[in-house]
Amino acid sequence: MKARMQAAALALLLVVSGCSAGSSASVSPGPDTLSVGITAEPANFDFTRSDGAAIPQALLYNVYEGLVKLDAQSRIVPLLAKSWTVSPDRRTYDFFLRPGAKFANGAPFTAEDVKFSLQRVKTDWTISLKSAMDVVDHVDAVAPDHARVVLSKPSNGWLFSLTGRVGAMFSPTGVADLANRPVGTGPYEVASRVRGDSIVLKANPRYWGRKPAYRTVVLKYYADPTALNNALLSNSIDVISALTSADSIPQFEGDDRFTVRQGTTNSEVALAFNNRRAPLNDARVRRALTYAVDRKSVLDVVFNGRGTLIGSMVPPTDPWYEDLSKLYPYDPAKARRLLAEAGVHDLRLRMRIPNLPYAVTAAQVVQSQLADVGVRATIEPLDFPAVWLKQVFTDHDYDLSIIQHVEARDITTFGKPTYYWGYDGERVRQLLAAADSGTPEEQVSDMKQVARQLNTDAAADWLFLFPNVIVAKKKVTGFVQNQVTESFDLTGLRPV
Amino acid sequence: MSTRVARRLAVFVVSLFVASIVVFLFMAVLPGDPAQVALGVNATPELLAKTRHEFGIDRSLVSQYLSWIGGVLHGDFGRSYVTREAITPQLADRLGVTLWLVGAGMVVALVIAVPVGTFAAVRHRKASGATVSGLAQLGVAIPAFLAGILLVQIFAVQLRWLPSGGWTPPDQNAAEFLRGLVLPALSLGLVQGAVLTRYVRSAVLDTLGQDYLRTARSKGLLPGQALYRHGLRNASVPVVTVLGLQLSTLLIGAVVVERVFVLPGLGSMLLDAVSQRDLLTVQGIVLVLVAGVLLVNFVVDVLYTVLDPRLRGS
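Just so you know, the protein sequences line up as chains A and B, in that order. For the record, in the first sequence the residue sitting at position 300 is 300 according to full-length UniProt numbering, with numbers rising by one throughout. For the record, in the second sequence the residue sitting at position 221 is 221 according to full-length UniProt numbering, with numbers rising by one throughout.
Worth double-checking, as some hints may not be accurate.
Unchecked claim - Stretch by stretch, here's where chain B covers chain A in the computed footprint (C-beta under 8 Å, at least three residues):
#1 47–53
#2 74–87
#3 187–197
#4 377–391
Hints were generated in silico from the structure; no laboratory data involved. Every residue gets a Cβ at the ideal spot worked out from N, C-alpha and C, and that includes glycine.
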């Protein structure tokens, strides 16, 4: 009996230690394989019919390419179009295509594919982003390497949207099963996937451009931030694409296996005021609340001071960025005066926020600072996305909310009175329209005025801009510092 | 005996049917609009209405339930609102992962419980036996997810011997598959092992006091030999019964452990589906889990009848 028990105990030990003896737990068997840890997993591979950031994050620029691309400074640069011209009336775009580009299924990339892809957005896409193509009147394949797009009215926003997923180029021979078999012209193609776990990308042998340094990239998905951090700490992955909790940064900074890089994003965290609802429909009240909140201390508490104070809906990577963060300095006395001026006493507000860590933390700071000026705010965390989307976003049933707005150039949402801000400003709408149709210079000056007007109206309180924190093994370099596109761009990554 | 089995079977079927209605109603009262979640923030009212129609959530509850349960009876759990793909094959994939985990957890539990429980029983008057019992008691109090977090900290983050999570299918790379299964199986199995240890101990103690063991000893067998040859088989009957009942606890524990170890099983699928209001998927998973628990109870009931002759007459 005794001998048996010892045998059993030994067997158990062997199971535990034997499998692991001597090796480190890493999924990177070779130097040309990279594992990237990400939090949100794509439901499928078809971003023409499924919304959300996860699919373009994995596929855009990696598997799919567009005519143009956005660089880290938010400039529109050539990709599948090696150059383009704009007509004087700003309605006709002539794109001259890169020779030799091919789809992963072998089909050559031509102007016919441009026509097919852009028209397909109008006919086959079901996600709401498709409206970006509404302005397209028609597309002509002038020559195999020359596509012409004619717009019904001038639109700078249209060219910008081409850098995102609506600009992705498809082949008529490659759209049969987009949800499972994406076919693009990019440096990678999808090799396999395990639902709930990972997607494996491998280098596309037909790629027209520079071959990627990593032949195989494993995108590993961790819904739980702690599990994501543990995966890097235990060598299961090489990169964390975006760190969401500042608490864990010191632990990576203190470990000489890793480097921590910080850049900016398009993700403005806003304290939204329901501009439609009394007394928040009074600009004096909104200004009062803006003075009452110390944005610096919000950023300190939520993200250990990492991130950027912006004071507007414009991130520093947009061409019309101005630092407006000092226009409403923290001034509780002034807040109280403004409230009294507006005749508001004993104000009670419902702060209905998504049940996400950053929002809950920020809401607590805001709540206590509002209390200092006599405003009682009650925090109601709502299940995100389902309940928040329904009650706050769609039904506008809220006074205050806090959420990050992740889309690029989403300042245009203030031009839609039906948007959940409830902001209705004629001047802002006119300026946005003028900016969209004008020259690049006019666009910049008009957009600056939009941001200033929104600031004057205190249409919202822009608490801070989310930082882009990437943690990676020291051996991996070539990251795009600023996250200004929908893509987690793998193309520049390389070993030291 | 056959009437008893038939009665149990009827209870099983009726419970499953009632459960399906309860699950469906719970989903129906959950706040939030699946169409809105699927379409995102820029959805137009027209697109929302079209999508609701496509999902069938603009129909009456009764009609929605009937078409759902009708499909389920044919093995078709419908299409996911989020992925727009058939749910049944996904459920099968995810169930496979969960069953591997439950199976491995059970093996770990048995490997711990049988020797340790027997040891504690044989030595129940000595300090070593009491210590083992005490440790088992402590183990019972630790939830599986906490054990998981601790194991990850020690073996993955600090020692870096084993992966902190993730899943490699066994047919892809058997070694990686096993390495990935060790920590989750341990966190599930350690706790279950502690629970089972107490049952093994009391079953063996019971057996030790029986006359036939005393007879065996008087024939000259050593205590260990007597227990091994005559006692353990008898002691195993109540343990097997408990084991069956513990299987359902293990299944629920697996749901939680999957989250800690990022395993693509039913548990993590369930959590994702709930947050995305992928109601059909949630209904499918919960129904499968409920069916699993009910099935285990049914089988245990039947086995019990088989093992214990006294129940056969009734």
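* Cβ contact check, 8 Å cutoff: the segment 47–53 of chain A against chain B, three residues minimum -> holds (count 4)
* **Given coverage of the segment 377–391 of chain A by chain B, tested with a Cβ cutoff of 8 Å and a minimum of 3 residues** => As far as the segment 377–391 of chain A goes, the hint holds, because 8 residues have Cβ atoms under 8 Å from chain B.
* Counting residues of the segment 187–197 of chain A that have a beta-carbon nearer than 8 Å to any beta-carbon of chain B, does the count reach 3? -> holds (count 4)
* To do: Check, residue by residue, whether the segment 74–87 of chain A contains three or more positions whose beta-carbon lies closer than 8 Å to a beta-carbon of chain B, and give the verdict.
  => violated (count 0)
When each numbered hint is compared with the structure, a violation occurs for hint 2 only.
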